[in-house]
Structures are given as structure tokens and as C-alpha cells.
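> Okay, here's what each chain looks like letter by letter:
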Amino acid sequence: MANPVSAPAARQLDMKAALKEAAFAALVTFGLCIPIIAWGTRSNMENVLVLDPRWDAVAWAVAIVFVGRFLMALRQQGRSERKSMVRFLPHGTFAFFQRNSRIFSVFGLGFLITFPIIAITLTGWGGALKWIDNFGVQILIYVMLGWGLNIVVGLAGLLDLGYVAFYAVGAYSYALLAQKFGLSFWILLPISGILAAFWGMLLGFPVLRLRGDYLAIVTLAFGEIIRLVLINWTDFSNGYAGISGIPRPSFFGIPFNASDTGFAAVFGLEFSPLYRTIFLYYVILSLALLTAFVTLRLRRLPVGRAWEALREDEIACRSLGINTTNTKLTAFSLGAMFGGFAGSFFAARQGFISPESFVFMESAVILAIVVLGGMGSLWGCAIAAIAMIGGTELLRELEWLKAIFGQDFDPTKYRMLIFGFAMVVIMIWKPRGLISTREPTAFLKEKKAISADMVQEGHG
Amino acid sequence: MSAPLLAVRGVKTFYGKIIALKGVDVDVNPGEIVTMIGANGAGKSTLMMTIFGAPQAREGTIAYDGRDITKLPSHEIARLGIAQSPEGRRIFPRMTVYENLQMGAAVRDFAHFEEDLETICQLFPRVRERLQQRGGTLSGGEQQMVAIARALMARPKLLLLDEPSLGLAPLIVKQIFEAIRELNRTQGLTVFLVEQNAFHALKLAHRGYVMVNGVITMSGTGKNLLADPQVRAAYLEGGRH
Numbered sequence: 001m002a003n004p005v006s007a008p009a010a011r012q013l014d015m016k017a018a019l020k021e022a023a024f025a026a027l028v029t030f031g032l033c034i035p036i037i038a039w040g041t042r043s044n045m046e047n048v049l050v051l052d053p054r055w056d057a058v059a060w061a062v063a064i065v066f067v068g069r070f071l072m073a074l075r076q077q078g079r080s081e082r083k084s085m086v087r088f089l090p091h092g093t094f095a096f097f098q099r100n101s102r103i104f105s106v107f108g109l110g111f112l113i114t115f116p117i118i119a120i121t122l123t124g125w126g127g128a129l130k131w132i133d134n135f136g137v138q139i140l141i142y143v144m145l146g147w148g149l150n151i152v153v154g155l156a157g158l159l160d161l162g163y164v165a166f167y168a169v170g171a172y173s174y175a176l177l178a179q180k181f182g183l184s185f186w187i188l189l190p191i192s193g194i195l196a197a198f199w200g201m202l203l204g205f206p207v208l209r210l211r212g213d214y215l216a217i218v219t220l221a222f223g224e225i226i227r228l229v230l231i232n233w234t235d236f237s238n239g240y241a242g243i244s245g246i247p248r249p250s251f252f253g254i255p256f257n258a259s260d261t262g263f264a265a266v267f268g269l270e271f272s273p274l275y276r277t278i279f280l281y282y283v284i285l286s287l288a289l290l291t292a293f294v295t296l297r298l299r300r301l302p303v304g305r306a307w308e309a310l311r312e313d314e315i316a317c318r319s320l321g322i323n324t325t326n327t328k329l330t331a332f333s334l335g336a337m338f339g340g341f342a343g344s345f346f347a348a349r350q351g352f353i354s355p356e357s358f359v360f361m362e363s364a365v366i367l368a369i370v371v372l373g374g375m376g377s378l379w380g381c382a383i384a385a386i387a388m389i390g391g392t393e394l395l396r397e398l399e400w401l402k403a404i405f406g407q408d409f410d411p412t413k414y415r416m417l418i419f420g421f422a423m424v425v426i427m428i429w430k431p432r433g434l435i436s437t438r439e440p441t442a443f444l445k446e447k448k449a450i451s452a453d454m455v456q457e458g459h460g
Numbered sequence: 001m002s003a004p005l006l007a008v009r010g011v012k013t014f015y016g017k018i019i020a021l022k023g024v025d026v027d028v029n030p031g032e033i034v035t036m037i038g039a040n041g042a043g044k045s046t047l048m049m050t051i052f053g054a055p056q057a058r059e060g061t062i063a064y065d066g067r068d069i070t071k072l073p074s075h076e077i078a079r080l081g082i083a084q085s086p087e088g089r090r091i092f093p094r095m096t097v098y099e100n101l102q103m104g105a106a107v108r109d110f111a112h113f114e115e116d117l118e119t120i121c122q123l124f125p126r127v128r129e130r131l132q133q134r135g136g137t138l139s140g141g142e143q144q145m146v147a148i149a150r151a152l153m154a155r156p157k158l159l160l161l162d163e164p165s166l167g168l169a170p171l172i173v174k175q176i177f178e179a180i181r182e183l184n185r186t187q188g189l190t191v192f193l194v195e196q197n198a199f200h201a202l203k204l205a206h207r208g209y210v211m212v213n214g215v216i217t218m219s220g221t222g223k224n225l226l227a228d229p230q231v232r233a234a235y236l237e238g239g240r241h
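Keeping their order, the protein sequence lines are chains A and B.
Using this note's numbering, read the first sequence as starting at 1 and increasing by one per residue.
Using this note's numbering, read the second sequence as starting at 1 and increasing by one per residue.
Honestly, the hints are just simulated from the structure, not real lab data.
Predicted model only: the values in this text are computed from it and were never measured.
Some hints could be false.
Said to hold, decoys possible - Some chain A residues close to chain B (C-beta under 10 Å, calculated; not the full set):
#, residue
1, V266
2, R305
3, E308
4, E312
5, I315
6, R438
7, T441
Claimed, not checked - Taking CB as the label site, the calculated pair distances span:
#, chain 1, residue 1, chain 2, residue 2, range
8, B, G10, A, F205, 32 to 40 Å
9, A, L208, B, L166, 24 to 32 Å
10, A, R75, B, N40, 48 to 56 Å
11, A, N326, B, E178, 32 to 40 Å
Backbone N, C-alpha and C define an ideal beta-carbon position, used for all residues, glycine too.
Given these sequences and hints, build the entire structure.
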């Protein structure tokens, strides 16, 4: 029941206050825009820097912020009155998905396994390559990296900003060993994983005593060190030029080429480059599923529980007789191992690698996948990876926007802007990530997930 | 009298250059409840942590069951049958109570887990009600019970309790101390208790020590210490509740 006394007063929306707020936000935007947007830089024919004023862009930004802030202010004023606010999704959507996570897992798995067939059916042999390679394989690589990093960040709670280093170790292990010794992908896949795990331990030892921000800085530095070594040690890694002509994986000894002994000929099919892509798709799918399976199993074993306990409270862990050194090292090395698998797959898929592929931005994207997905949640990671990587790929599809914004409009340029915006929105809307509930690993009678919103993280 | 289960001899602990314990001797005999009382910053918790190996004593020895544990890392000390309910409870907030208790049994195999769980739930009926709930959603008293229960899941011979009454309502403190007494009586559990709540602690304990500025100034039976005019003046009068 509405309070009869306060209702008429509150219903009057305070336009003046909202306008004031919007004007202030617009002013701040204007100030920020002057150094960032107001002048475009380019060098002319004489290689002299030329400043192009872009006041129209500034005006657009200021106008968008003004209107957006004004509407938000009005909505906030209205919120105290109306109980039912506009929601993106009906109440309890996430709870519904979580209750039926098993059914959705089966559906998701079914979809993933049949994805190449669906893609071929819908887009034909010519169009399917893009969908399977750019969307399927690309997203699955990041899903796998997200799940690997999830072991370190999500479960063990060790903030790792240099995860891409292990990806690089895996990729270079495969590339170099395959070229120098001619070993096959299937032998080198586990070797790359082991080497990456070894490097994971190497990183683990010096950072055993660090936590939080300090750990983040050291791992960040580690990632950069690996990249800089790869750039500068040209005898070893060929520096910036990278390694090309990396042997592609074969179908258990049968190469994917147009020759008489190639895959298509052996199986009596017409040659198509799509077979290799489909094969790669299934390889990365099984690698990703292996990661998920191992994570799910380990969570129920003492070591997995110790990881989670470590994330919650390190001192309590020690007083309960848990060897925190071993616990951290296993988390680092296992997470690194999956990064290494993904790296060697990446090298095998691309056929060419260079340090450019292993920049900090990659670590940041993988970490964003884990954080946006909700730390520790496999589903969350997968959804975040699909949104972030699939979203990037989708931007390439938006060519038709050129008809509206003119020929110079390139949607992929706005990738980072959209990323940033999406992150801000998710952090406002779901500050603990998309899927923030943690499923208990042990049950008495029935499962009962309790929302993370009920508990403040890290405190009793 | 039999050999002490825990023998602390001349222990000096430093935080960097600052000395926190200036040569402490404590004996805890099997089957005893021993308490250490003292004001804030006296070094009680430091002693507790030193026994558990973090920080390690710079001088002196700590022997448990005739074995020198001074330089052992914490997790190995826990494996010898010493369990600790650390100061501030430190239960795992995002894990359920059941999982918290599982972590307590981490040093052992899970063969007796269900059996031990039953025993503990009888001791703390509240813990049974909360088994499926997240640790962080419990009240302070319930968290303290879970912290003690978690320590007991390791089937320790010696239980170290660091300020179990911290921040709890008097009624809850009474319940928890009653449970400790019960454990000692029925299972012969040896307890070393560090407390600020001197009145309750001394009433519960067989023997007690008083610590001031990193030095033990007094020791005796709980009853004698309770009656001692100095102890009364310093820790009990006005502070009784």
C-alpha cells in the first residue's frame, strides 16, 4: 500500500535535479573528451603530425552522456516509488538456469558436438568455414583458456595477470619441437602442457608468499618477461618475425591435403579445406571439455577443496594442516598446463606464431572472461567467452552499418569501447559476475546453492 | 605426574626487531584444561601462533608429546594431532558449514567423518541446523561453534582455542565453554585456551597462567587464580560478566 501522505510529493519527478546531474556528467565528459577525442592525429606526406579537430565527435559523446545520465536520474527517482523496475531478464532467470544446469549442460554439449553440421547445413560448404573457424574454434580456445585460468583465479583465488605466458610457452614448445624434431601434434600436445606446467611452478615458487595486488604485479611482470625474451632471443624464437610453417596436425597420421594420401582421398571424399577446420574444432572441443571435466572432478577431491579454502582464508588453511605451498603450486601448474595445451593447439591451428599473439591484452581478455563470468563458475566463463570473443567476431559482420555511418565506418574499431561499456554494465548489474553462486561440492540430502549476494566476500 | 603433552620452554618470539614473547614457559598435561589470561597485547595470541609454527620461536623449544616441534611448519604440526581454532574464527565464508567441517578433517582420511560429524552435532545442535548454509551467513556465535567443530574434526589430542568468547553474547559464551568442559570430561581432550574473559576461563580451567607484556607473571590452579587479589584487581573486578 502506498503511503497516502508522501505519495503525491514523491510522484513529482524532480526535473531540475535530474537536469543538474546530467549537466554535471556532461561537463565531466566534455573535460575528458578534450584531450582524448577532440583532436585526431595523423602524419601528412612530409611526416609532420597534423591535428584534425573532431568537435562533432565530442558533441556526440557529450550529448549521449547528457541524455543517458538524465534518463538514469529520472529512473532512480522513480525507483523508490515503483517496486517493479525494468529488468533485463525476468526475476529468477539465473536461478532457473542454475536449477536445471544439468539439462542445459546436455543441451549445450549436444549443440557443440553438432555445431559443424548445423553450420554446414545453414550456410553451405563455402560459408561454414568462417563460422566453424572464426566462431567455433576461436571461442572454444578462449573458453578453454578461461577455464584454465579459472583454476588459478576462480578456485585458488590467486590473481594471475600473466596467464598468456603459459599460452606462449605451449605455443612455442609445439612450434619449436615440431620444427626441430619433427614430432607429431599428438606427442607434443602433452609435452607442451608439461612444459607449461613446469613454467607455472617456476612462477609459483617466487610468488608463494604474495597475495592480491602484489601477486598480480609479479605475474604481470612474468608474462611480459616471457614475451620480451621471445622478442629478443632471436636465435631461439626468431624474434618479432615469429615462426612460420609450423606443421599442421594430421588425422592420426593422415595429413589434410589434396594429395592422394590426404584425408579426403583416403576417405573417398572430395577435397575441401573444411575437413581440417572441423577436425580442429573437435580437437579444441575435446581439450576444453577435458579442462572442464578435470576442474569438476578436482573440486570434489581434497586438492580442489584445498584450493577453494585457500581462496577463502590462507591462515585458516594452514591451521587445518593444509600445505599451502603445495596447494598453490598445484593450482599454478595445473592452470598453466591447460594454458599450454591451448597454446600448442593455437600454434598448430595458425601455422604461424609471433610474440604479437601473446601481449598483455590477451591476459586481460582471459581474466575478464573469468571475472565477468563469475569467479569459479564454468558456465559463467563459457558465457563470458562467447559474449566477448563472439562479440568481437560479430563486429566484423556489421558491414551494413557502413550504409548508415558512411564508408569510413569500421565497427571493429569500437571493440574496446563496447568491451568497456559491457564491463561497466555487468559490474553494475551483476557485480560478482554473471553466475555468482557457488555450488557446494558436498551435500547431505539435496543441492542448495546459496547466492553470493548474501555473503560478503572474504569476510566472516 | 605424567610428562606434559605440550611443553613450552623459554620461548622468545620476535616480530622483526620487536620482541613479543620474552621467554615463556608453559606446561599442558594430558587431560587438562589450561588457560592463559592477560590484557590486550600481552602476547597471548602470539604464544598460540608460535606453538603452531607461524611465527616460529627464535629461542627456546616447544615440545609436543616428547617431540620437538619448534621448527616444524604449521601444516605438519597440525598433522601431529594439534588442532587450532584461530583468533577471529576464520571459517571459510563462501563454503557451506558441511564443507568447512570437511576441511577440518583434511589432515585425516574420511573414514570416521560421518561418525565424528554426528558426535559434533550432538555437542553443537546449532551446527547441525546450519550444515547446508554458507559459513559467512552464520551469526558470530554459530561461526565460533563451527570453528571449534572444524578443529575437532581432525580428532586432535590437543585443542588450541584462541579467544573463543571474542565478540559473543554472554549466553553463547556460556554454551561454548560448557561444550569445552563436556569435551574434556567425556573424551579426555586436552585444551589450551587463551582468553580475555578471565572469569569464565579461570572457572573452566584446571590451571591458569597470567601473561603481562610477553612474560608469565603468575600461575596456579584456576580456583587459586580466581581468588588471588591481584588477579581479581587486574582482570576480574568490574570486568565480571
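> Decide, hint by hint, whether the structure agrees.
Outcome of the hint check:
Violation of the interface hint for V266 of chain A is found here, the shortest Cβ-Cβ separation to chain B being roughly 52 Å, above the 10 Å cut-off. Evaluation of the R305 of chain A hint against chain B yields a held restraint, the C-beta minimum of about 6 Å falling below 10 Å. Restraint check, E308 of chain A versus chain B: the minimum CB separation of about 6 Å is within 10 Å; hint holds. The closest approach between the C-beta of E312 of chain A and any C-beta of chain B is roughly 4 Å, which is under the 10 Å cut-off, so the hint is satisfied.
A least Cβ separation of about 6 Å between I315 of chain A and chain B falls short of the 10 Å threshold, and the interface hint therefore holds. Interface restraint check: R438 of chain A against chain B, minimum CB-CB distance 6 Å, threshold 10 Å, status holds. A least Cβ separation of about 6 Å between T441 of chain A and chain B falls short of the 10 Å threshold, and the interface hint therefore holds. Distance hint check for G10 of chain B and F205 of chain A: the Cβ-Cβ separation is about 34 Å, which falls inside the suggested range of 32 to 40 Å.
For L208 of chain A and L166 of chain B, the Cβ-Cβ distance of about 30 Å falls inside the hinted range of 24 to 32 Å, so the restraint holds. The hinted range of 48 to 56 Å is satisfied by R75 of chain A and N40 of chain B, whose Cβ atoms lie roughly 50 Å apart. The hint said 32 to 40 Å for the Cβ distance between N326 of chain A and E178 of chain B, and at roughly 38 Å that hint holds.
Violated hint for the displayed structure: number 1, the only one.
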